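Student: So the protein sequences, as listed, match chains A and B.
Start counting the first sequence at 1; every next residue gets the next number (this note's numbering).
Start counting the second sequence at 1; every next residue gets the next number (this note's numbering).
Heads up, a few of these hints could be off.
Said to hold, decoys possible - Dumping the calculated DSSO-like pairs for lysine-lysine here, alpha-carbon to alpha-carbon at most 27 Å:
(1) A:K69 x B:K90
(2) B:K99 x A:K65
(3) B:K414 x A:K152
(4) A:K69 x B:K173
(5) B:K8 x B:K62
(6) A:K194 x B:K414
(7) A:K152 x B:K249
(8) B:K249 x B:K414
(9) B:K90 x A:K152
(10) A:K125 x B:K249
(11) B:K173 x A:K194
(12) A:K118 x B:K137
(13) B:K173 x A:K125
(14) A:K65 x B:K158
If you're looking for bench data, these hints aren't it; they were derived computationally from the structure.
Treat the numbers as computed from the prediction; the structure is a model and nothing was measured.
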Amino acid sequence: MSGIFITKIKWLIRNPWTFILMTFMSILFALITGGANGTNKITVPAYTELNQIKNSSLAEMIDEKSIFKIDWVTDKRALEKKILSGKHEFGIVFNQDDYDILVGINSPNVVLFENTVKNAYHLDKQFNQLEQASGEENVKEIIENNSFFNVKSQWFHGQDTFLFDGNLHTLFGFSLFFVIYTIAYSVFQILLEKRTGVWDRVILSPVRKWEMYVANFLYSFLIGYVQVVIVFFIFRFIVKVDFHGMFWQTLLLLIPYVLAIVALSIFIIGTVNTIQQFNAVIPIVSVSMAMIGGAFWPLDIVDSTFMLQLSKLIPITYGMEVLYGVTLYGYNLEQILYPVSILLLMTVVLTGLGIHLMERNYIS
Amino acid sequence: MIWDIVKKQSILFIRNPQQLILLLMLPIILICILSVSLSGFISGETFEIDAKIAMIEHTDEKEQIERFIQEVENSKLSEVEKKEIGQVAKNISIVHLLKDEAFADMDKLIDITMVSPEDKATVLADDSFAAVIEIPKDFTYNALNFYLLKEGNASEMKVYQNESKTLQSNIVKSIIDSFQEQMSMMKFTMDHHIDPVNLEAGDLEHIGTVEPIGKGNPVSSKQYYTIGMAVMNVLYVATAVGVYAFIEKQTQVFNRVILANVSRWTYFSGIFVSGVSFALIQLLIIFGFSWIVYGVTWPILQFLLVTVCLAFAVGALSVLLTSISYRINSESVINFFSNFLVALLALLGGSFFPIGDIADVFQLLGDFTPNGASMSAYLSLLRGDEFSQTIPYLIYLLLFTFCLLLVSIFSFPKRGQI
Numbered sequence: 001m002s003g004i005f006i007t008k009i010k011w012l013i014r015n016p017w018t019f020i021l022m023t024f025m026s027i028l029f030a031l032i033t034g035g036a037n038g039t040n041k042i043t044v045p046a047y048t049e050l051n052q053i054k055n056s057s058l059a060e061m062i063d064e065k066s067i068f069k070i071d072w073v074t075d076k077r078a079l080e081k082k083i084l085s086g087k088h089e090f091g092i093v094f095n096q097d098d099y100d101i102l103v104g105i106n107s108p109n110v111v112l113f114e115n116t117v118k119n120a121y122h123l124d125k126q127f128n129q130l131e132q133a134s135g136e137e138n139v140k141e142i143i144e145n146n147s148f149f150n151v152k153s154q155w156f157h158g159q160d161t162f163l164f165d166g167n168l169h170t171l172f173g174f175s176l177f178f179v180i181y182t183i184a185y186s187v188f189q190i191l192l193e194k195r196t197g198v199w200d201r202v203i204l205s206p207v208r209k210w211e212m213y214v215a216n217f218l219y220s221f222l223i224g225y226v227q228v229v230i231v232f233f234i235f236r237f238i239v240k241v242d243f244h245g246m247f248w249q250t251l252l253l254l255i256p257y258v259l260a261i262v263a264l265s266i267f268i269i270g271t272v273n274t275i276q277q278f279n280a281v282i283p284i285v286s287v288s289m290a291m292i293g294g295a296f297w298p299l300d301i302v303d304s305t306f307m308l309q310l311s312k313l314i315p316i317t318y319g320m321e322v323l324y325g326v327t328l329y330g331y332n333l334e335q336i337l338y339p340v341s342i343l344l345l346m347t348v349v350l351t352g353l354g355i356h357l358m359e360r361n362y363i364s
Numbered sequence: 001m002i003w004d005i006v007k008k009q010s011i012l013f014i015r016n017p018q019q020l021i022l023l024l025m026l027p028i029i030l031i032c033i034l035s036v037s038l039s040g041f042i043s044g045e046t047f048e049i050d051a052k053i054a055m056i057e058h059t060d061e062k063e064q065i066e067r068f069i070q071e072v073e074n075s076k077l078s079e080v081e082k083k084e085i086g087q088v089a090k091n092i093s094i095v096h097l098l099k100d101e102a103f104a105d106m107d108k109l110i111d112i113t114m115v116s117p118e119d120k121a122t123v124l125a126d127d128s129f130a131a132v133i134e135i136p137k138d139f140t141y142n143a144l145n146f147y148l149l150k151e152g153n154a155s156e157m158k159v160y161q162n163e164s165k166t167l168q169s170n171i172v173k174s175i176i177d178s179f180q181e182q183m184s185m186m187k188f189t190m191d192h193h194i195d196p197v198n199l200e201a202g203d204l205e206h207i208g209t210v211e212p213i214g215k216g217n218p219v220s221s222k223q224y225y226t227i228g229m230a231v232m233n234v235l236y237v238a239t240a241v242g243v244y245a246f247i248e249k250q251t252q253v254f255n256r257v258i259l260a261n262v263s264r265w266t267y268f269s270g271i272f273v274s275g276v277s278f279a280l281i282q283l284l285i286i287f288g289f290s291w292i293v294y295g296v297t298w299p300i301l302q303f304l305l306v307t308v309c310l311a312f313a314v315g316a317l318s319v320l321l322t323s324i325s326y327r328i329n330s331e332s333v334i335n336f337f338s339n340f341l342v343a344l345l346a347l348l349g350g351s352f353f354p355i356g357d358i359a360d361v362f363q364l365l366g367d368f369t370p371n372g373a374s375m376s377a378y379l380s381l382l383r384g385d386e387f388s389q390t391i392p393y394l395i396y397l398l399l400f401t402f403c404l405l406l407v408s409i410f411s412f413p414k415r416g417q418i
């Protein structure tokens, strides 16, 4: 068993590029989609001819209170170009007393943004009037520090007080997504070995069948786990993403997810016969799983019951639930146990089925 | 002769159903998933949030206000003050205002259930509620004391948010926050003895406009994703063509073609032409699907022009992948492209979401990817802009094709190098 395992490790050392690139990609994607700029805000290009608007509290208020961030551009044509190219959904032009929102792509964000802007105008006017009437300067701060009553928020299940963190979502989502490729392509070596006859030769050697499976399983698990650990380490210690003090627990709780993905890959290897089939199945399975399981967007914006039911069959859903639960919601052990046990159940069932299928299909 | 090579490539494709499944099923599956799971959310015009919230009130508010007024009556304040405070207190039933006015504004999408304090644990365990608002004992009473008599501290209400319904619960929270802000402003006018008229901002409902840019309609999210998935998946055609070409080198088919006195440049052109035609066919099938199922329609002539330009770019990509893999004698470059670069190009090109929303650098990069450029062109067509808007993108695509072809010709192994 250790022989097979060592061979695999040696092979990895000689061909490390797939592994390195996958790790790099998950870091890159998580950085691009949110981790890097520290916020998870939607940039809205904005233009105005009036300097007093640029310096007013209006834009500041929009930045502060919403998921939008005003980004001033120097001329109107540049603004239009940004929207026309489809790279921004919409933009805004502030005039003396009103505004125009220019829409390129219609989405709920437009409605959300319009409400935000209206609200900001409303508040801005109120604050101005109050400042004039009272003679005070920082009415906004005074009001914030002297509120009528306070509102404290908390999660349903968690003990922690309210936190929201978009960075963690993209980090978790892309790590869980890219690790599927790494694991799948490491399990894929079994298929290659079968085709090149190595698998048969190992069977002929005194190595037991279970040892072959255990060695392969361990190797695939290890490579996948090392990858997510590297990614998480980089984000924790270099990018300095806040794990809310649960970093080590997060690493521990990744184990069931990685196990489930190894099992899933074994199952896929069991069902396909050729390399081409495998190459066709993996992108379909991984991308659709990531979409259905909420790795790309949070599941609570999905309102189709069918899709939500479907997400219950997908390991990523539970992987995300565990990671979210432990970092943001402050779940206790009992609450974590449910998704963890489903992941372990998936591991057992899929490994069993996968090995059974692999034993039945003879590939030469 | 080129035709024969193309024919050979087509037969290879048809005999390999797995590859076809990947090329045709993947985009269609992805378009379906995107539109089914995000259908309510991305329908565009409306923003429908159906939220169910529960409210727990520990003591009845009316009783608290009456108690407060009673206590004021019995205090040592002057009669005028007593009367004034009593008047104001009657109008400040915070819980009532929150429940019947702040939430009622939201087009009745928020459904409030009153719950008795004993059932708190039950509602918190019920995932159908987006949020639970808990008003502690004597909340209004304490608030009135703080507000009118400057006694005690500000009272505090608790909002429990459901972590599996963050979107809805955040909206509920923001309504409460803005309600709190307005109430605090009122307190400010009271503290500074200002006329509350200053809080009226007038009618701001029609202060601004929301209008589509250009002349036509804005693009809906469904259309956006159809284009995004199509331009992303067409890149896989390049990898498929490249893979077959490389297998031909490995299995000596390429050498046999050369032996048959066919110029290597004929083979080269054959690869290019098959890349272009398969990309064209794939794009037409995907857009055909979205036309039949989702009713995404196009100005046909311009559409074909953009599609052809994109297909050219994909053809050039296939040739480039082929010639590099021939040169380094390994298909790793093709694998690298299909596993990493396609996803990266798709992200930068805006297939998943409008990339410029994040940062301008990415927008610039996105315009330089073939899929990003063609996506911009498609979007402009759907919006009904003048055709001149799309011309820079088309020129870019053709330029891209030309440069890639040049590089491929340069790196394609010459005689004796294989």
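Student: Evaluate each hint against the coordinates.
Tutor: Hint by hint, here is what the structure shows:
For the hint linking A:K69 to B:K90, the alpha-carbon distance of about 41 Å lies beyond 27 Å, and the restraint is violated. Between B:K99 and A:K65, the direct Cα distance comes to roughly 23 Å. Compliance with the 27 Å bound is thereby established for this hinted pair. Between the alpha carbons of B:K414 and A:K152 the distance comes to roughly 73 Å, so the proposed pair goes past 27 Å and is violated. A hinted pair counts as satisfied when its Cα atoms are at most 27 Å apart, and A:K69 with B:K173 qualifies at roughly 20 Å.
Distance check on the hinted pair: B:K8 and B:K62 sit about 85 Å apart at the alpha-carbon level, beyond 27 Å; violated. The hinted pair formed by A:K194 and B:K414 fails the criterion: a straight-line CA distance of about 36 Å is larger than 27 Å. A threshold of 27 Å between alpha carbons decides the hint, and for A:K152 with B:K249 the separation of about 68 Å lies outside it, so the pair is violated. The hinted pair formed by B:K249 and B:K414 meets the criterion: a straight-line CA distance of about 14 Å does not exceed 27 Å.
Pair hint B:K90 plus A:K152 holds up; C-alpha atoms about 26 Å apart against a cutoff of 27 Å. Among the hinted pairs, A:K125 with B:K249 is inconsistent with the structure: their alpha-carbon atoms are about 72 Å apart, more than 27 Å. The suggested pairing of B:K173 with A:K194 is violated, with an alpha-carbon distance near 57 Å, which exceeds 27 Å. Simply put, A:K118 and B:K137 have alpha-carbon atoms about 35 Å apart, too far for the 27 Å limit, and the pair is violated.
Proximity of B:K173 to A:K125 is assessed by CA-CA distance (about 23 Å); at most 27 Å being required, the pair is judged to hold. This hinted pair checks out: A:K65 and B:K158 have alpha carbons roughly 20 Å apart, not beyond 27 Å.
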